[in-house]
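Asks: Sequence:
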Amino acid sequence: MPHLNKLRTAVPGGPGGNPAPPSLFRLRTALTVFFALDGFLFAGWVVRIPAIKQQTGSSASDLGLALLGVSAGAVVTMTLTGRLCRRFGSHPMTVVSAVLLPLSIALPPLTHSALALGLVLLVFGAAYGGINVAMNSAAVDLVATMRRPVMPSFHAAFSLGGMIGAGLGGLVAGGLSPTAHLLTLTAVGLLVTAVAGPVLLRHPAPAAGPAAKESVPRRLKGRTRQLVVLFGVIALCTAYGEGALADWGALHLEEDLHAHPGVAAAGYSLFALAMTAGRLSGTAMLERLGQTRTLVAGGTTAAAGMLLGALAPSVWLALLGFAVTGLGLANIFPVAVARAGALAGPGGVAAASTLGYGGMLLGPPAIGFLADWFSLPVALTTVAALAGGAALLGYTARNASAPRDD
Numbered sequence: 001m002p003h004l005n006k007l008r009t010a011v012p013g014g015p016g017g018n019p020a021p022p023s024l025f026r027l028r029t030a031l032t033v034f035f036a037l038d039g040f041l042f043a044g045w046v047v048r049i050p051a052i053k054q055q056t057g058s059s060a061s062d063l064g065l066a067l068l069g070v071s072a073g074a075v076v077t078m079t080l081t082g083r084l085c086r087r088f089g090s091h092p093m094t095v096v097s098a099v100l101l102p103l104s105i106a107l108p109p110l111t112h113s114a115l116a117l118g119l120v121l122l123v124f125g126a127a128y129g130g131i132n133v134a135m136n137s138a139a140v141d142l143v144a145t146m147r148r149p150v151m152p153s154f155h156a157a158f159s160l161g162g163m164i165g166a167g168l169g170g171l172v173a174g175g176l177s178p179t180a181h182l183l184t185l186t187a188v189g190l191l192v193t194a195v196a197g198p199v200l201l202r203h204p205a206p207a208a209g210p211a212a213k214e215s216v217p218r219r220l221k222g223r224t225r226q227l228v229v230l231f232g233v234i235a236l237c238t239a240y241g242e243g244a245l246a247d248w249g250a251l252h253l254e255e256d257l258h259a260h261p262g263v264a265a266a267g268y269s270l271f272a273l274a275m276t277a278g279r280l281s282g283t284a285m286l287e288r289l290g291q292t293r294t295l296v297a298g299g300t301t302a303a304a305g306m307l308l309g310a311l312a313p314s315v316w317l318a319l320l321g322f323a324v325t326g327l328g329l330a331n332i333f334p335v336a337v338a339r340a341g342a343l344a345g346p347g348g349v350a351a352a353s354t355l356g357y358g359g360m361l362l363g364p365p366a367i368g369f370l371a372d373w374f375s376l377p378v379a380l381t382t383v384a385a386l387a388g389g390a391a392l393l394g395y396t397a398r399n400a401s402a403p404r405d406d
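Be aware that the sequence shown starts at 1, since it is given in the working numbering, and climbs by one per residue.
Please keep in mind that the hints were generated in silico from the structure rather than gathered at the bench.
A virtual CB, placed ideally from N, CA and C, is assigned to each residue, including glycine.
Misleading hints may appear alongside valid ones.
[Claimed, not checked] FRET-style restraints, in silico, Cβ to Cβ:
#1 LEU311 with GLN54: 20 to 28 Å
#2 PRO377 with ASN399: 32 to 40 Å
#3 HIS260 with ALA194: 32 to 40 Å
#4 LEU115 with THR184: 21 to 29 Å
#5 ARG288 with LEU392: 15 to 23 Å
#6 PRO313 with LEU176: 28 to 36 Å
#7 ASN399 with PHE88: 36 to 44 Å
#8 ALA187 with LEU80: 21 to 29 Å
#9 THR29 with LEU171: 21 to 29 Å
#10 ALA194 with LEU80: 22 to 30 Å
#11 THR29 with ARG86: 22 to 30 Å
#12 LEU103 with PRO313: 38 to 46 Å
[Unchecked claim] No farther apart than 25 Å at their CA atoms in a straight line, the calculated lysine to aspartate or glutamate pairs in the DMTMM-like style are these:
#13 LYS53 with ASP256
#14 LYS53 with ASP372
#15 LYS53 with GLU255
Go ahead and model the full structure; you've got the sequences and the hints to work with.
Replies: Below, the structure is given as structure tokens:
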């Protein structure tokens, strides 16, 4: 299957390769823990957004503007973190960001206005953007050295962490204040970092032979840059949906469909569970369908699921729509990033990932403004529209290829 062969060329090795030495296994385990922690903390924050909205007395557009603080902080940090990783190493930057993220998550419940919330979310967004770039940079180096395409397992860990974080958040939403809940997450995050961080700090980012050369950033140009941007836009279209459901899914269930706060919080958990299951089965799907069909099928499925989730008249139908959306979106981001990597190496992975995470961060504020202008259910249909767009772009890029030095 040509698409899979291209992926295996970009990330050498695969089944039948040499077993990873113990040090690489420990690095993979530690990185997996950080991906899971990132998803866990992010989900813990998003399930408390309805309570924070009520606490600050924000309208939907006020909340959307405050959430823009997450986007602004993250975009600035994503731009800087790549340079800091090249100077200090991706492992130390991952650990530093993993300390800042749980500290910043304790700040939102201390605010009592949309302006104050937006300012503290700048800090939260900076830490969130930093850890995502640093972790993915470390993962790219590790994947190249292990010579096995294990990147989807890291993204599955993020989704699993999000599922657990949202599930626990749903359980405590009715009986624990946002302040107590998020302070508990701060303690958990710092404890996990204290355990897993030393593993990264003791081991520099692996580099061996050709993998070392491939990990050196190089300037993208010509057709290669255009194609990397195209796959980055595909990642952005689908990450927009993930961010929108994370920040607005619980609010939609609670305010539009009058769900219990615990059930509303469980909506994101169900979405994350479906996404985790989809990513864990992603390799088998790629082997069966190929990359282009996986992109098209995923985008089409997510579009149908989100139309149901946004417009369904009952809570249970909306929850079903959320689950179908998670299954559809699950593998589009990893496949788009892998295609960018096949075209341009880790530089392509970094560029596409940054665009993708930008979609996750810019989606929630856009939903907030659209919800004020129209309604939240109508605003959420934009997730379906962009998922359909990702399917169309994926089909358009079915024969995308470019020389490594164009």
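Asks: Does each hint fit the structure? Answer for all of them.
Replies: Hint check results:
1. LEU311 with GLN54: 20 to 28 Å: Between LEU311 and GLN54, where Cβ atoms are some 25 Å apart, the hint holds.
2. PRO377 with ASN399: 32 to 40 Å: With Cβ atoms ~38 Å apart, the hint holds.
3. HIS260 with ALA194: 32 to 40 Å: At roughly 36 Å between Cβ atoms, ALA194 and HIS260 fall inside 32 to 40 Å, so the hint holds.
4. LEU115 with THR184: 21 to 29 Å: holds, 26 Å
5. ARG288 with LEU392: 15 to 23 Å: holds, 22 Å
6. PRO313 with LEU176: 28 to 36 Å: holds, 31 Å
7. ASN399 with PHE88: 36 to 44 Å: For PHE88 against ASN399, whose Cβ atoms are near 40 Å apart, the range 36 to 44 Å holds.
8. ALA187 with LEU80: 21 to 29 Å: holds, 28 Å
9. THR29 with LEU171: 21 to 29 Å: Taking Cβ atoms as reference, THR29 and LEU171 lie about 27 Å apart, which means the hint holds.
10. ALA194 with LEU80: 22 to 30 Å: Holds - the Cβ-Cβ distance for ALA194 and LEU80, about 25 Å, lies within 22 to 30 Å.
11. THR29 with ARG86: 22 to 30 Å: holds, 25 Å
12. LEU103 with PRO313: 38 to 46 Å: holds, 42 Å
13. LYS53 with ASP256: holds, 15 Å
14. LYS53 with ASP372: holds, 14 Å
15. LYS53 with GLU255: Answer holds: LYS53 to GLU255 is near 12 Å, not above 25 Å.
Comparing the model with each earlier hint shows no violations; every hint is respected.
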